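Participant: Residue strings, one per chain:
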Amino acid sequence: MATTERLQSGGVGDAVLRKEDRKFVTGEGRYVDDLKLPGMLHAAFVRSSFGHAKIKSIDASAALAMPGVHAVLTNATLPVETGVLSASNPGGDVRHPEQAILAKEFARYVGEPVAMVIADDRYLARDAADAVHVDYDPVPVVVDAEKALEPGAPLVHAEYDSNLAKTLEHVTDGFADVLAKAPNKISLRVVNQRLTPMPIETRGCIGDWSNSTGEVTLYTSTQVAHFVRTFVSIVCGTSEAKVRVVTPDVGGGFGAKLNTYREEFAICAASKVVGRPVKWIEDRTENAVATIHGRDQVQYYEAGVDDNGKILALKFDAVQNNGAYNQLLTPSISHLTLFMVPGCYDIQDVSITIRQAFTNTTPTDAYRGAGRPEATHGIERLMDAIADDLGIDAAEVRRRNFIKSDQFPYASATGLSYDSGDYQATLEVALELSGYAGFEERRAEAATRGKYRGIGLSTYVEVCGLAPSAVTAALGIGAPGWEHSTVRLHPTGKATVITGTSPHGQGHATSWSQITQTELGIPFDDVEVIHGDTAFQPYGLGTYGSRSLAVGGIALYRSLGKVREKARELAAHLLECSVDDLEWTGSSWQVKGSPDRAKTIQELAYAGWTSASLPEGIEPVLEATTFHDPPNFTFPFGTHVCEVEIDQATGRVEVVNYTAVDDCGNVVNPMIVDGQIHGGIIQGLGQALFEETVYSEDGHMLTPTLVEYLVPSAADVPPMTLHRTTTPSTSNPMGVKGIGEAGTIAASAAIVNAAVDALSVIGVRHLEMPMQPARIWNVMQEAKS
Amino acid sequence: MIPSTLEYTKATSLDEALAAVKAGARPLAGGMSLMPMMRLRLAAPGAVVDLGGVPELVGICEDGDEIAVGAMTTHRSVANDPLIRQHCHVVAQAAAGVGSMTIRNRGTIGGSLAHADPHGDLPAAILAAGGAVIVRGSGGERRIDVGDLITSYLTTSLAEDELITQVRLPKGAGQSAYAKFHRRAIDWSIVGVGVSIGANGVRAAAIGVGDRPMRLSAFESVLNGGGSLDDAIAQAGEGLSPLGDLDGSTEYKLHLVGVLAGQAHAEASSR
Ligand SMILES: Cc1cc2nc3c(=O)[nH]c(=O)nc-3n(C[C@H](O)[C@H](O)[C@H](O)COP(=O)(O)OP(=O)(O)OC[C@H]3O[C@@H](n4cnc5c(N)ncnc54)[C@H](O)[C@@H]3O)c2cc1C
Numbered sequence: 000m001a002t003t004e005r006l007q008s009g010g011v012g013d014a015v016l017r018k019e020d021r022k023f024v025t026g027e028g029r030y031v032d033d034l035k036l037p038g039m040l041h042a043a044f045v046r047s048s049f050g051h052a053k054i055k056s057i058d059a060s061a062a063l064a065m066p067g068v069h070a071v072l073t074n075a076t077l078p079v080e081t082g083v084l085s086a087s088n089p090g091g092d093v094r095h096p097e098q099a100i101l102a103k104e105f106a107r108y109v110g111e112p113v114a115m116v117i118a119d120d121r122y123l124a125r126d127a128a129d130a131v132h133v134d135y136d137p138v139p140v141v142v143d144a145e146k147a148l149e150p151g152a153p154l155v156h157a158e159y160d161s162n163l164a165k166t167l168e169h170v171t172d173g174f175a176d177v178l179a180k181a182p183n184k185i186s187l188r189v190v191n192q193r194l195t196p197m198p199i200e201t202r203g204c205i206g207d208w209s210n211s212t213g214e215v216t217l218y219t220s221t222q223v224a225h226f227v228r229t230f231v232s233i234v235c236g237t238s239e240a241k242v243r244v245v246t247p248d249v250g251g252g253f254g255a256k257l258n259t260y261r262e263e264f265a266i267c268a269a270s271k272v273v274g275r276p277v278k279w280i281e282d283r284t285e286n287a288v289a290t291i292h293g294r295d296q297v298q299y300y301e302a303g304v305d306d307n308g309k310i311l312a313l314k315f316d317a318v319q320n321n322g323a324y325n326q327l328l329t330p331s332i333s334h335l336t337l338f339m340v341p342g343c344y345d346i347q348d349v350s351i352t353i354r355q356a357f358t359n360t361t362p363t364d365a366y367r368g369a370g371r372p373e374a375t376h377g378i379e380r381l382m383d384a385i386a387d388d389l390g391i392d393a394a395e396v397r398r399r400n401f402i403k404s405d406q407f408p409y410a411s412a413t414g415l416s417y418d419s420g421d422y423q424a425t426l427e428v429a430l431e432l433s434g435y436a437g438f439e440e441r442r443a444e445a446a447t448r449g450k451y452r453g454i455g456l457s458t459y460v461e462v463c464g465l466a467p468s469a470v471t472a473a474l475g476i477g478a479p480g481w482e483h484s485t486v487r488l489h490p491t492g493k494a495t496v497i498t499g500t501s502p503h504g505q506g507h508a509t510s511w512s513q514i515t516q517t518e519l520g521i522p523f524d525d526v527e528v529i530h531g532d533t534a535f536q537p538y539g540l541g542t543y544g545s546r547s548l549a550v551g552g553i554a555l556y557r558s559l560g561k562v563r564e565k566a567r568e569l570a571a572h573l574l575e576c577s578v579d580d581l582e583w584t585g586s587s588w589q590v591k592g593s594p595d596r597a598k599t600i601q602e603l604a605y606a607g608w609t610s611a612s613l614p615e616g617i618e619p620v621l622e623a624t625t626f627h628d629p630p631n632f633t634f635p636f637g638t639h640v641c642e643v644e645i646d647q648a649t650g651r652v653e654v655v656n657y658t659a660v661d662d663c664g665n666v667v668n669p670m671i672v673d674g675q676i677h678g679g680i681i682q683g684l685g686q687a688l689f690e691e692t693v694y695s696e697d698g699h700m701l702t703p704t705l706v707e708y709l710v711p712s713a714a715d716v717p718p719m720t721l722h723r724t725t726t727p728s729t730s731n732p733m734g735v736k737g738i739g740e741a742g743t744i745a746a747s748a749a750i751v752n753a754a755v756d757a758l759s760v761i762g763v764r765h766l767e768m769p770m771q772p773a774r775i776w777n778v779m780q781e782a783k784s
Numbered sequence: 000m001i002p003s004t005l006e007y008t009k010a011t012s013l014d015e016a017l018a019a020v021k022a023g024a025r026p027l028a029g030g031m032s033l034m035p036m037m038r039l040r041l042a043a044p045g046a047v048v049d050l051g052g053v054p055e056l057v058g059i060c061e062d063g064d065e066i067a068v069g070a071m072t073t074h075r076s077v078a079n080d081p082l083i084r085q086h087c088h089v090v091a092q093a094a095a096g097v098g099s100m101t102i103r104n105r106g107t108i109g110g111s112l113a114h115a116d117p118h119g120d121l122p123a124a125i126l127a128a129g130g131a132v133i134v135r136g137s138g139g140e141r142r143i144d145v146g147d148l149i150t151s152y153l154t155t156s157l158a159e160d161e162l163i164t165q166v167r168l169p170k171g172a173g174q175s176a177y178a179k180f181h182r183r184a185i186d187w188s189i190v191g192v193g194v195s196i197g198a199n200g201v202r203a204a205a206i207g208v209g210d211r212p213m214r215l216s217a218f219e220s221v222l223n224g225g226g227s228l229d230d231a232i233a234q235a236g237e238g239l240s241p242l243g244d245l246d247g248s249t250e251y252k253l254h255l256v257g258v259l260a261g262q263a264h265a266e267a268s269s270r
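So the protein lines, in turn, are chains A and B. Taking numbering that gives the first Met the number 0, the leading residue of the first sequence gets 0, the next gets one more, and so forth. Taking numbering that gives the first Met the number 0, the leading residue of the second sequence gets 0, the next gets one more, and so forth.
Honestly, the hints are just simulated from the structure, not real lab data. Please note that a few of the clues may not be correct.
To be verified - For each label pair, taking beta carbons as the anchor points, the in silico distance ranges come out as: (1) B:Gly243 with A:Val760: 25 to 31 angstroms; (2) A:Asp129 with B:Lys21: 26 to 32 angstroms; (3) B:Glu61 with A:Ala64: 56 to 62 angstroms; (4) A:Gly434 with B:Arg183: 23 to 29 angstroms; (5) A:Arg21 with B:Tyr152: 45 to 51 angstroms.
As the list claims (entries may be wrong) - Examples of chain A residues lying across from chain B (beta carbon under 7 angstroms, computed): (6) Arg121; (7) Arg125; (8) Thr649; (9) Trp776.
Keep in mind that this is a model prediction, so the values were computed, not measured. Cβ coordinates follow ideal geometry from the N, Cα and C atoms, glycine included.
Make a model of the complete structure from these sequences and hints.
Facilitator: So, in structure tokens, the structure goes:
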């Protein structure tokens, strides 16, 4: 059943084709690597080949002797004021070890930048980087977060007495009693493996520093140009007003570019040293170690459950692998897990402890879903374990635990206020669409073909639309959560929309044009959307946390409203009536009931620009700006149902059917929403079936290329049925919720639950990800013996 | 790709190519293995000679009781060729399963054999079919059975200055098939098995179970001695000791050898 009908009117709700796609499909997108500045040099980084080593000496003489090599910079010579800064400090007492821009005394993970070479071209830079000799003295390594927290583990940072970065804790009053009294206790250990975000475009940047003025322009592939600007000014020591950050087209991010990285600072500092622009483009193998990883959380659940399967109390202990340092938001990612531990269930008694550990690995940070997939995956595995233990149907156990539709706004045990929802409604639709009731026949038929077939559910809610600024402050995040927009009408009646969001595949140019058409009557094609350049946008926060529509879209909606109201005053003035005599037709202000006495928005734009006759107190030009700070998050939800078949001979898991019923409130462009859900599900499928970033015990990266790190391809995409219910958000006037991460948050649990169900006939009760054939075959062998 | 500095020439004749190789240039065929190695700087040749302009190295024709396949023939051409499909199906099928369409459009049969990747599909299929290669160098031309060509991990018995010019596939390979097990839809094999059932009996070869393609001698001798397919499958892994790695344990790979040998045999028999 398709949710998308191709309507082309261009207003809100229409599946209009994306206006930005033409340039991408014709190869005219312009990425950082397409930019060439006059006199530009090229950088390559010398990176640690050890998981943990003392840097005894760096000998750059051979590299410097190569003709065309301009400089080799190290910690001692790179002109920066500080190391990488983290914006996250939940509780105020997180350990933030110094992360020097180039490693100082120790390298603490494979890939950590130790030196930087500047040369005439990229090839030479790389040759010269290979010629830099670093003398390392390897020291003991720890890569596993649980082991890192054991007494006597090698210390990642010798200045601390342990590898504990932070303990997050949240225990409700009287928890222990409620758990103790529960008649059934059900426990489960769940591993959410380490992943590599792997956007198609790797990172890259060009720094262009003017020594005469202290001005610096940084072109960088990022989701958060404004964060980068602030931090460049601090790290590189120049006025923030002198820093311009330009984001050309960005080929995907998935959270990996929601960060500020050493290379961005190093490239600016290097440009300062050589007095010329310097470019660095990350290669794919470099990306695997130099760009943040995601997830890597081990969870221990203990649920106190009554005999009907209702959870009375939930204990959650987890260990989060932060990697060697805290990046921009590292300590906050598992904080998001903490918030979503109870999921879509009415559980008021919780005890949550998350210990964050430093290890000799690439830092982890936000990766599509950022903390919430971990929570959903775990609780959804737990729901199935409860169903299994107590002999209750998996759908029924969820019905008995759901927050009911009349409980909204719902105050969760972790302190959130869920805006709106009807969880059971999506469940019932999904069960119907997926043929849940008739499943046993399909299981039996598959068995005749040598396949174990199973069905699995994932009922999820997630928190997105980051974020109310008062809340981010309370959570120890040193940045607000509002978003900015400016709407400017030109004398020709066309509109420029400036947004602080930073699309890198999400289609904001299209959606923002649709909102403009609906709210202001300016046709879709007459709207230009500008983003990603701090010179054009005074301020913005970027695109992450499924926030762009629910925060940035609302900032736009409010600016459009302001322009419309200003136009009304102008119309009243020109039509010589009172504003109360006017009505809005969708594209003009007219005297109520008199279509011949009207001014179109285009006429009013012209009149506002010429300013020949303006009402008292009204400034020229129809233009408005809004900084929108959302009063609350939004909470999209839904039910995904997956069917898998497992080959009895080889253990291969194949997704044969996938049904997703999602609710993201009102929809601006159904095609774009479908695309986000499709992509999100595939990313979750990648985690469930294929992907895992693996380190050897001595800290070497065993999955540095796409031969070892298995990303799903188009040919791995299963048949998917999408459907939506619509429960408008109460957090914003458009009733919208984020949808960028929901698919990923929901999918892995549905797939794993289906596989566990498939193997339940041979007694299997739990499976870890990724469910690669060898792992499944081993489980099948053990179950049979 | 950011390789180290190198000199590139494109040969227009076999003699030119041989001269370049003799002078130390590394032959470049489809580049689908050499270029990834250069990208990772596992290979850093000072000079490469592109074989893409050498007419003698392309094409497929009948030659007596063999099919002669030019070394530069792409996987795509091998997969679609009617002669190979008819007489040496195992090879066409293996070629059809290599990587993705883009890889098959560039990668070559000669490059696959010379590269000697222990996970390469073509070597196993050609070994199962009983094929050979014609190589030429300063010492003249010689013929090497594929079983003697690949000696270990990424290593062949080719001399430094020798090029593979042709692959020879027997028309008498009989019914044959290739079965490959891989994790994603488009992926390298964890294990692959080629089986041919010809006038001289069953031949089977596997990849992913050693440092080179391995004949499945136990599987062959059970079947050639009149034993059952089930027994042959049960013994298929005998004598092999694949290393456990991220793809799977030793036991798993040995298990896959049996499963795939059974599948390939069943498919070959039904053809
Ligand atoms: C993404 C991807 C997926 C792949 N998947 C598979 C797969 O599933 N199965 C599989 O089998 N392969 C796979 N391959 C490898 C592919 O089959 C290569 O094409 C093949 O291994 C090498 O052939 P080539 O023509 O590209 O050789 P090249 O890469 O050009 O050369 C490989 C080596 O052979 C040497 N060489 C080339 N031609 C000659 C010659 N005539 N004489 C002497 N030496 C020569 C070169 O010097 C080099 O050392 C994949 C490759 C990629 C990039």
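Participant: If a hint holds in the structure, say so; if it does not, say that too.
Facilitator: Each hint tested on the structure:
1. Separated by about 28 angstroms at the C-beta atoms, B:Gly243 and A:Val760 satisfy the suggested range of 25 to 31 angstroms.
2. A beta carbon spacing of about 28 angstroms between A:Asp129 and B:Lys21 agrees with the range 26 to 32 angstroms that was offered as a hint.
3. For B:Glu61 paired with A:Ala64, a C-beta distance near 59 angstroms keeps the hint of 56 to 62 angstroms intact.
4. At about 27 angstroms, the CB distance of A:Gly434 to B:Arg183 agrees with the hint of 23 to 29 angstroms.
5. At roughly 48 angstroms, the beta-carbon separation of A:Arg21 and B:Tyr152 lies within the given 45 to 51 angstroms, and the hint holds.
6. Interface hint at A:Arg121: satisfied, since its Cβ lies 6 angstroms from the closest Cβ of chain B, which is below the 7 angstroms cut-off.
7. Among the interface hints, the one on A:Arg125 holds; its C-beta lies about 5 angstroms from the nearest C-beta in chain B, closer than the 7 angstroms criterion.
8. With 7 angstroms as the threshold, the beta carbon of A:Thr649 comes within range of chain B, its nearest partner Cβ sitting at about 6 angstroms, so the hint holds.
9. At about 6 angstroms, the closest approach between the beta carbon of A:Trp776 and any beta carbon in chain B falls short of 7 angstroms, and the interface hint on this residue holds.
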